[in-house]
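S.K.: Take a look at the letters that make up each chain.
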Amino acid sequence: MERFKKLFRQTEFRIALFFLSLVLFGWPIVHFPDVHRAENMFVYLFLAWAMVIAVLYLVSTTLVESGDPKGENENK
Amino acid sequence: MLDSFMVLTIFCFYMGLLFLIALWVERASTVDRSPVNNPYVYSLSLAVYCTGWTYYGSVGKAATSGLLFLPIYLGPTIAIILWWTVLRKMVRIKTRHHITSIADFISARYNKSQSVAALVTIIALVGTTPYIALQFKAIISTFSIITSAEGSPSWVGQHMGPIVVGLMWIFTIILGIRRLDPTERHPGLIMAVAVECLVKLVAFLAAGIFVTYFLFDGFTDIFKKITETQPHMLVELWKTDQSYYITWTTYLILAMSAIMFLPRQFHVAVIENFDEDHIRTAMWMFPLYMLLINIFVLPIAMGGLLKGYPAQDADTFVLGLPLHSGQKWLSLLVFLGGASAATGMIMISSITVTTMITNHLLLPIVDWIKWLGFLRRHLLNCRWVAVAGVIVTGYGFEQLVGESYMLVNIGMIAFAAAFQLAPAALGGIAWHRGNQAGALLGLGAGFVVWFYTLLLPAFVRSGWIADSLLSNGPWGIAFLKPEQLFGVMTLDALTHGVFWSFLFNTGFYVFGSLFFEQSEQEKNLAEDFADVLITVPALGKSSRRESHIVAWEKKKIIEDLLCQYLGAAEAASMTEKCFHEARVLEKGRISIVELAEVHNQVEKFLSGSIGTAAAFKALRQAEIFDPGEARELSEVYAEILASLKVTPEELEQKIDYYQEREALLTHHAAELEQKVRERTRDLEAAQEELIKRERLSVIGQLTAIVSHELRNPLGVIQSSAYVLSRKLTDTDEKTQKHLERIEQQVGICDSIIGELLEYTRGRRSAAVKGEINSWLEHVLDELTFPREIRVMKLLRRDIPEISFDKEKMRRVVVNLCENAIQAVIARQTALEEAKIGYSPRIRISTYSADSNVCIQVEDNGMGMNSETTMRAFEPLFTTRARGTGLGLAIVKKIVEEHEGTVHLSSVPDQGTIITITLPQDGRKESGANH
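Residue numbers (our numbering), protein chains in the order written: chain H, 1 to 76; chain E, 1 to 930.
With the rest of the complex left out, here is chain H (with noise of 0.2 angstroms):
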């Protein structure tokens, strides 16, 4: 559990989720290929944008528990 607080805490994380968003719900994962499975991309999106959500909120947890929570040493 450490470990995944740990990554969670650290700057190169959040701009790794960053990109993985921006590959999400972007193109070319975002299509719509048929036009009768547009419920499965609805359910997709926003299965997507709660699980980055999720992952948000131990994120935010994690620096919390930093103990940094100025984040003066975040760049070091």
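In case anyone wonders, no lab produced these hints; they're calculated from the structure.
Please note that the accuracy of each hint is not assured.
Said to hold, decoys possible - On the chain E side, residues computed to face chain H include the following (Cβ under 7 angstroms):
(1) Leu74
(2) Ile78
(3) Ile81
(4) Phe171
(5) Phe223
(6) Arg280
(7) Leu288
It should be emphasised that the depicted structure is a prediction, and the values quoted were computed from it without experimental measurement.
Glycine included, each C-beta is placed from N, C-alpha and C at the ideal position.
Position chain E relative to chain H; hints supplied.
M.R.: Just chain E now, kept in the frame of chain H:
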């Protein structure tokens, strides 16, 4: 349908309730911790992003373009991932520089440029006013929907626009700009906005749940029905061509920028932020809010289509579906939700734009036009007028434009306007080289291209300008068609405008920043902005003295540094000593001031070991101060500078002055030291002389007493011997010989006593200038040399006159000659015994050399060994049985009284040369008493 008066009353009651909440918050803020200082309130207030355009327009967009409404909310979610770095930087900069708006933020970074601030204000004003019009349209049209019966609209319905304008103006002033606040924070308004955001979420969810689960059987049912019954609708909705994805991406990018750089978003997220920690909660709560408010958008849109409403009326589905289903109270709730979304945006945007207008447009104009100076005293009134102007302009725009293309699309065009601020703002906090010229060029170019490629075509499509501009280009130049600029035809209008404006904006920003030099102030500001997170936030004086630096970490760094020059044990010991000298040895944490003292101690020590320059370099490389601490130390120095109330130039002059003074003092100190050394030497010599004189004085007194006491009996002996010798004329030869011996020995005793008195007592000098040769010849003539000694006189004629005491110098010459006589006689006696031939010789010569006059007495007598030579001038030292040992001592003493020197050169069995050198100008005619 609902009664218009009742709806208005409820609307006013709702606004009144918000006012009471705001009032309570403002009063609570003054008494205790502000209720707005709360991460959930902060997160909810950020949802002002979801305006009336979002509230109603998303469903409209979903009904016509499928999921294309979603990037408007996915974009912010992606951008928010980086908020812990980006937004926190902005908040910290806001706190440090007392930023009041996005125009203030960007201008503060670029040399506090008024031009940059004015340009940003114009962009914000142009982008915001039509957006406000859109909100009015949402309120007025939904009020009309909810209240209009089959018949003509009521009086309230007819005048809903002015009523809303009036309410908005009053409410904005009361909550936002009732008084001037230098921080531009409005806790009451923010709480009201947060409540509004909660209401609109609840209202939208209620509408969504009603449509999805009461009109239909859930999501699956809606999707199933629309696939089965209206597949053509889905075909329309799910466009799969390339432009759809490009537009999707453009929306995503614009929304990512809008969540930070729309003036109202910047205001709520940055200016109204109480605590950086609130960002952490907002990072997940605000995206969650957006997810929730969007989850029913598509079902409502599809539900409306399935119910047979036309897609062009989809903007009203949220309100229309419950209303037409007879759900009056739900409809009223939805109306209040929509009104909340619209009024929240109007209030925040108008306050933000008004602040920028007064600060960055009005005040510079007042400074420029002197007779408008009185307006400075009425700044608050000016703001009231400005906010009225912004709101009325927005409403007027809505009335003028109505259903035109422009108003419908102004949402994304406003996003594109906010996007123009992104390069300068993001560059400002991430790129050190960005400068004022680059910002001005980039913002200017971006704004012009945005206006030309997005706003101008919107004017054309609204019918205000001839459409030949779009079809043929200006003056028929196709290459300059606003929507196909430089021949680019593959992009949709929005993407095209965003692409070119961003390209020009960023290109000119980078070019300008690289082409023009930064001023020193800009460099400092750039560093301050870009490195704000790795620096300590602006702290009070007392905070700077707080001990927050971990001492052992610094100890380790210093020890490692010293280890490069010393052994490990010695380095550790020296580190301890430095900490001890700085009086922080026992501390676990130290302040920046204490660290600076430790640093000085280490530098002092190292300077002593490896030199100042090398020590300075070594300490710099060791990086005892990290960047944050270095900045903190700079701030401490700045504080000191500020407390001295001197400008840096004055300080430099003072430092120069004190450095010169220090150099002068050092020079004087060196001179003084030299003088002290000389004086000490003189004093020591004087002391020695004094001791010597005292000793001589004692000896003199003793000699005088003894001499006096001896001379009396000696006189008696001499007289008696003389009498006896006269009476005993016929006595035997032996008796006569003894009598003569008595007389002779008494004479010797008298001579010894005389020499002793001469040496110890001295007498007053009587130096007289005269020619030395004649005087010397006279002295030599008086002397009786034994016949067998050959006396040679070599007296040079060109000798200058000198001042000398003739009587004393006579004694010198007599002593030297007597010594020479004794030496040659002693050698003659010795050689005669050995039967070796010998011709005794004494040579007395005078000559001048280097302005000195020399008297030299040379003999070929016994000579002296080295030890005797060294001690020859010591008083009472003699090698003769009957010598007093005072002859040469007297010579030396008299010559030194004449400030001259005596040089003795002697070789055993060869002879002795004694040279007396007397300075030509040495002895003054009135000599000292000796």
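S.K.: Look at each hint and say if it fits the structure.
M.R.: Hints, one by one, checked against the model:
no. : hint   : in the structure
1   : Leu74  : holds (5 angstroms)
2   : Ile78  : holds (4 angstroms)
3   : Ile81  : holds (5 angstroms)
4   : Phe171 : violated (33 angstroms)
5   : Phe223 : holds (4 angstroms)
6   : Arg280 : holds (4 angstroms)
7   : Leu288 : holds (5 angstroms)
Hint violations for this structure: number 4 only, all remaining hints satisfied.
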